[in-house]
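Undergrad: Position chain B against the provided structure of chain A, taking the given hints into account.
Residue strings, one per chain:
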Amino acid sequence: MNPFREDLVSRSRPEPCTVVIFGATGDLTHRKLVPALYNLAVDGELPTGVKIIGFARRAKSDEEFRTGLEELNRKVSRSGHNDEIWKNLVENIFYHESEFTDPDGYRRLAERLAAIDEERGGKGNHLFYIASAPEFFDDILTQLKAAGLSQAKEGCWSRVIVEKPFGTDLATAKHLNEVVNATFHESDTYRIDHYLGKETAQNLMVLRFANAIFEPLWNSKYISHIQITCAENLGMEGGRGGYYEKSGALRDMVQNHLLQLLSLVAMEPPTDLSADGVRDEKVKVIRSLRQWDTPEKVAANVIRAQYTAGHIDGAAVPGYREEDRVSPESKTEAYVAVRLLIDTWRWSGVPFYIRMGKRLPKKSTEISVHFKDAPDVLFGALTGGVPGGNVLVIRIQPDEGISLRMVSKIPGTSLRLEPVKMDFHYSTSFGKSSPEAYERLLLDAIAGDATLFARRDEVEEAWRFIDHIENAWHKSDNPPPMAEFVAGSWGPREADDLIKRDGHAWRRL
Amino acid sequence: MSTLLNSVETCPELGIEVPVALIDKELRKLWEEDDAQTNASLMNLVVYSEKKGSLVENSAIVRDLTREHACRAILASIDRTVTEPSLRAWITAHCHMANGTKSVCCEQIAFHLTGRVTGRFRNTVFAHLNSDLPLIFWWQGELSDVFTERLVSVIDRLIVDSSAWKNPAAAFEQIVEASQLNSDLVLQDLAWTRSWQFRVGIAALFDDAVAQEALPAIDRVKIVHHPDHRNSAIQLLAWLAVQAGWKGDTIAADGSFRFESKAGVTINGLLQADSDAAPLGEVELASKEVIVSLVRQKGAAHLLKKIEAAGYSANSLSPSDPDDAPELIALQLSRGGKNSLFQKILPRFRKLL
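These protein sequence lines map, in sequence, to chains A and B. For what it's worth, the numbering used here labels the leading residue of the first sequence as 1, then goes sequentially. For what it's worth, the numbering used here labels the leading residue of the second sequence as 510, then goes sequentially.
To be clear, the hints were calculated from the coordinates, so they are not data collected in a lab. Model, not experiment: these values are computed from the prediction. We treat Cβ as the ideally placed atom computed from N, Cα and C, and that holds for glycine. Heads up, some of the hints might be wrong.
[Unchecked claim] Quick look at which bits of chain B chain A covers, simulated, 3 or more residues with Cβ under 8 Å:
1) 579 to 590
2) 745 to 757
3) 822 to 834
4) 849 to 860
[Unchecked claim] Example chain A residues on the side facing chain B (calculated, C-beta under 10 Å, incomplete):
5) 3
6) 42
7) 87
[As the list claims (entries may be wrong)] Restricting the straight-line Cα-Cα distance to at most 30 Å, the calculated cross-link-like pairs of lysine-lysine (DSS-like) are:
8) 221/A <-> 284/A
9) 51/A <-> 815/B
10) 372/A <-> 409/A
11) 500/A <-> 409/A
12) 560/B <-> 675/B
13) 87/A <-> 731/B
14) 860/B <-> 771/B
15) 797/B <-> 731/B
16) 372/A <-> 500/A
17) 807/B <-> 771/B
18) 538/B <-> 421/A
19) 560/B <-> 815/B
20) 164/A <-> 409/A
21) 87/A <-> 815/B
22) 421/A <-> 534/B
23) 756/B <-> 731/B
24) 807/B <-> 87/A
25) 145/A <-> 60/A
26) 538/B <-> 409/A
27) 174/A <-> 153/A
28) 815/B <-> 153/A
29) 60/A <-> 87/A
30) 246/A <-> 331/A
31) 409/A <-> 534/B
32) 51/A <-> 797/B
33) 87/A <-> 145/A
34) 362/A <-> 246/A
35) 284/A <-> 475/A
36) 51/A <-> 807/B
37) 246/A <-> 174/A
38) 297/A <-> 331/A
39) 475/A <-> 297/A
40) 853/B <-> 756/B
Excised from the complex, chain A in its bound form (with noise of 0.2 Å):
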């Protein structure tokens, strides 16, 4: 118990720790957890006595290692690089040589992990954050419990993140959390999903039940359709086929990403804001969900696509079949459309449609609420009636913020209606930037809160709904069809289609 934390911040305390990173050599690594470890240490946030080990495959000395991340670090830290500071951290950082699968660099790790626990007076919490490629999940873990790494000893901790894709369909995620819960407890398991560390994914709950006047139209009575949006206007480019062949955007966003975002939109107030209280009633959205479980169903709810060339800024780009690392008879989709419904009693009947799609006008993730129209028996005999119903904006990025369309009189002597909107910015009413999400998420680690991290069911429960869509698209007989839409558009026809049909439209971002 220490006294001083009392009253001081109103967050976890982070504790003192060793962080030892698998991938270390990996882009991950080099400008996302490096940068956020020295972000967090400019602001104070990291504890003292933190080391990091990068743990990998190439042969490596400590001084090459931290030279590498140096001058990534100068080129992508969100708040430049202060060689003091630098000079400070880098002290603690070390690479340790090793096969992912061989025991000896494990054993060696765990000595040396020993001797700075050591030098703590013989306690140690450790943090393991596998950044690797995916084929050596399993590999770390098992080898990790074999070196007795995932046993804390008393009073100490020992923790595991896991980055993205959490598997690759339901089996292939239940198989990876046998292992991982095999090796580590679910407590101390920490899946990342980086769009929960946003700023304004954050603000979700607050905006709900901290503002009074939102949960009482939240439900089915006052909203028509949400819609959730992702929109890329990159494709392929820097060898990034490759990967997008093997996921698709139904896997690579929709499974994690945007079912996260959807959960936090449509969840029951959680009854206090413990990890398990939050991620309880998110987890009930995403087992709500009406289960597209037939070929049929798919074809009539879910809309897959690929771009053809087009322009973008002005520019020439190729079609999907015609990128880098992408086969001219792919079968992956670039786009994607569903809709979703999710059976409670606050949600019944109200439609969600999730969209994301590369090779679109521009980058842009948001949800939008839509709220009914309404009666319109004051303004409904007005020339040009009244246009459109209220429409709540949630910018997930860029431009975090937030806005709130509604009708209003246009000046004059008639009486004719025009939509307006209010809108608020994080960027105009907050000068001060937001931590990047990997720094939040990080210390939320270290400090054992797993809010802001997946859990296990909710994985699950994701890749549950997500197969019967993959399964009706690449294992069945007669396979709903791949659509196209143009480069540079807002996605194909049938997507249109498939929100037309429900007498809605996509909003025009």
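TA: Chain B only, in chain A's frame:
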């Protein structure tokens, strides 16, 4: 006419002078001139000063503050050397590019008052607040007769700097009395803000098992401070005593403090003034086995945190608190909250003064 007003009239920093009755109308005109600008405001920020030349100085400070804290700023300057009542007003907007694309602007109204001002000042300020937004009131310098219960009753957050007061005990007494009608008032003392990173640093050091085990045996506390910042040092000492459960509060003949820990250990608290030190230069908590220390060199941007024990040493850097008031205000505004910790230590601090 005072020299202050002469200089104000020719200073573009304050914007255009307008009749007080037309302030709202003139502000609207200001926005109509350029519809590409966004008017942003999260709070009413009133900056009050009785120092000559403060309007121009404070306008420059507010211009910087509005980069991160969108507000309607109301600057008030009182000239007590002129007995004839007068009231003049200027309006301007501070605009900054947000994300390099959008011009975001904050309104500023500057008032200059002479003569008896108590009621006029209060009415003038209240008439120009943005409704529904909190009122942050930055009182600069010594409290005066303008600081009344009625003024305090409408303030959400009162910011003062006790290091500027000749008699902090009397000033805190005045604040406590004036805030009887406003139990929701959040009091923020910049002297307390100056110790924020030291407090965070101490808490972080005692997360370490070695330091934590040594806490019951701590018998010496030393705080080195600049002579102008004794209040920050006393507040920090009060915080240590309150959080660690030290009782006693005896002040020895040599000016040092004596506490008794829960374990019955006598703790000697020493405040050491050093004109070459940073506002807070060093905090050291020591037992016979362990020394936990935080050091900030004058002007340094970082604190050096250390734990030293037999066979064990850990050190790290963390950010330091800024020295000047505008940056401290910016930090205060970023943190928000009820400042309940300050309320908790305030009685102990007043006892140690």
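Undergrad: The structure should be examined with respect to each hint, and the outcome stated for every one.
TA: We went through each hint and held it up to the structure:
{"no.": "1", "hint": "579 to 590", "result": "violated (count 1)"}
{"no.": "2", "hint": "745 to 757", "result": "holds (count 4)"}
{"no.": "3", "hint": "822 to 834", "result": "holds (count 6)"}
{"no.": "4", "hint": "849 to 860", "result": "holds (count 3)"}
{"no.": "5", "hint": "3", "result": "5 Å, holds"}
{"no.": "6", "hint": "42", "result": "7 Å, holds"}
{"no.": "7", "hint": "87", "result": "9 Å, holds"}
{"no.": "8", "hint": "221/A <-> 284/A", "result": "20 Å, holds"}
{"no.": "9", "hint": "51/A <-> 815/B", "result": "16 Å, holds"}
{"no.": "10", "hint": "372/A <-> 409/A", "result": "19 Å, holds"}
{"no.": "11", "hint": "500/A <-> 409/A", "result": "28 Å, holds"}
{"no.": "12", "hint": "560/B <-> 675/B", "result": "16 Å, holds"}
{"no.": "13", "hint": "87/A <-> 731/B", "result": "28 Å, holds"}
{"no.": "14", "hint": "860/B <-> 771/B", "result": "20 Å, holds"}
{"no.": "15", "hint": "797/B <-> 731/B", "result": "14 Å, holds"}
{"no.": "16", "hint": "372/A <-> 500/A", "result": "16 Å, holds"}
{"no.": "17", "hint": "807/B <-> 771/B", "result": "35 Å, violated"}
{"no.": "18", "hint": "538/B <-> 421/A", "result": "22 Å, holds"}
{"no.": "19", "hint": "560/B <-> 815/B", "result": "42 Å, violated"}
{"no.": "20", "hint": "164/A <-> 409/A", "result": "49 Å, violated"}
{"no.": "21", "hint": "87/A <-> 815/B", "result": "16 Å, holds"}
{"no.": "22", "hint": "421/A <-> 534/B", "result": "24 Å, holds"}
{"no.": "23", "hint": "756/B <-> 731/B", "result": "17 Å, holds"}
{"no.": "24", "hint": "807/B <-> 87/A", "result": "21 Å, holds"}
{"no.": "25", "hint": "145/A <-> 60/A", "result": "25 Å, holds"}
{"no.": "26", "hint": "538/B <-> 409/A", "result": "22 Å, holds"}
{"no.": "27", "hint": "174/A <-> 153/A", "result": "28 Å, holds"}
{"no.": "28", "hint": "815/B <-> 153/A", "result": "25 Å, holds"}
{"no.": "29", "hint": "60/A <-> 87/A", "result": "19 Å, holds"}
{"no.": "30", "hint": "246/A <-> 331/A", "result": "10 Å, holds"}
{"no.": "31", "hint": "409/A <-> 534/B", "result": "23 Å, holds"}
{"no.": "32", "hint": "51/A <-> 797/B", "result": "28 Å, holds"}
{"no.": "33", "hint": "87/A <-> 145/A", "result": "33 Å, violated"}
{"no.": "34", "hint": "362/A <-> 246/A", "result": "24 Å, holds"}
{"no.": "35", "hint": "284/A <-> 475/A", "result": "28 Å, holds"}
{"no.": "36", "hint": "51/A <-> 807/B", "result": "29 Å, holds"}
{"no.": "37", "hint": "246/A <-> 174/A", "result": "19 Å, holds"}
{"no.": "38", "hint": "297/A <-> 331/A", "result": "20 Å, holds"}
{"no.": "39", "hint": "475/A <-> 297/A", "result": "15 Å, holds"}
{"no.": "40", "hint": "853/B <-> 756/B", "result": "15 Å, holds"}
Checked against the numbered hints listed earlier, the structure breaks hints 1, 17, 19, 20, 33; every other hint is satisfied.
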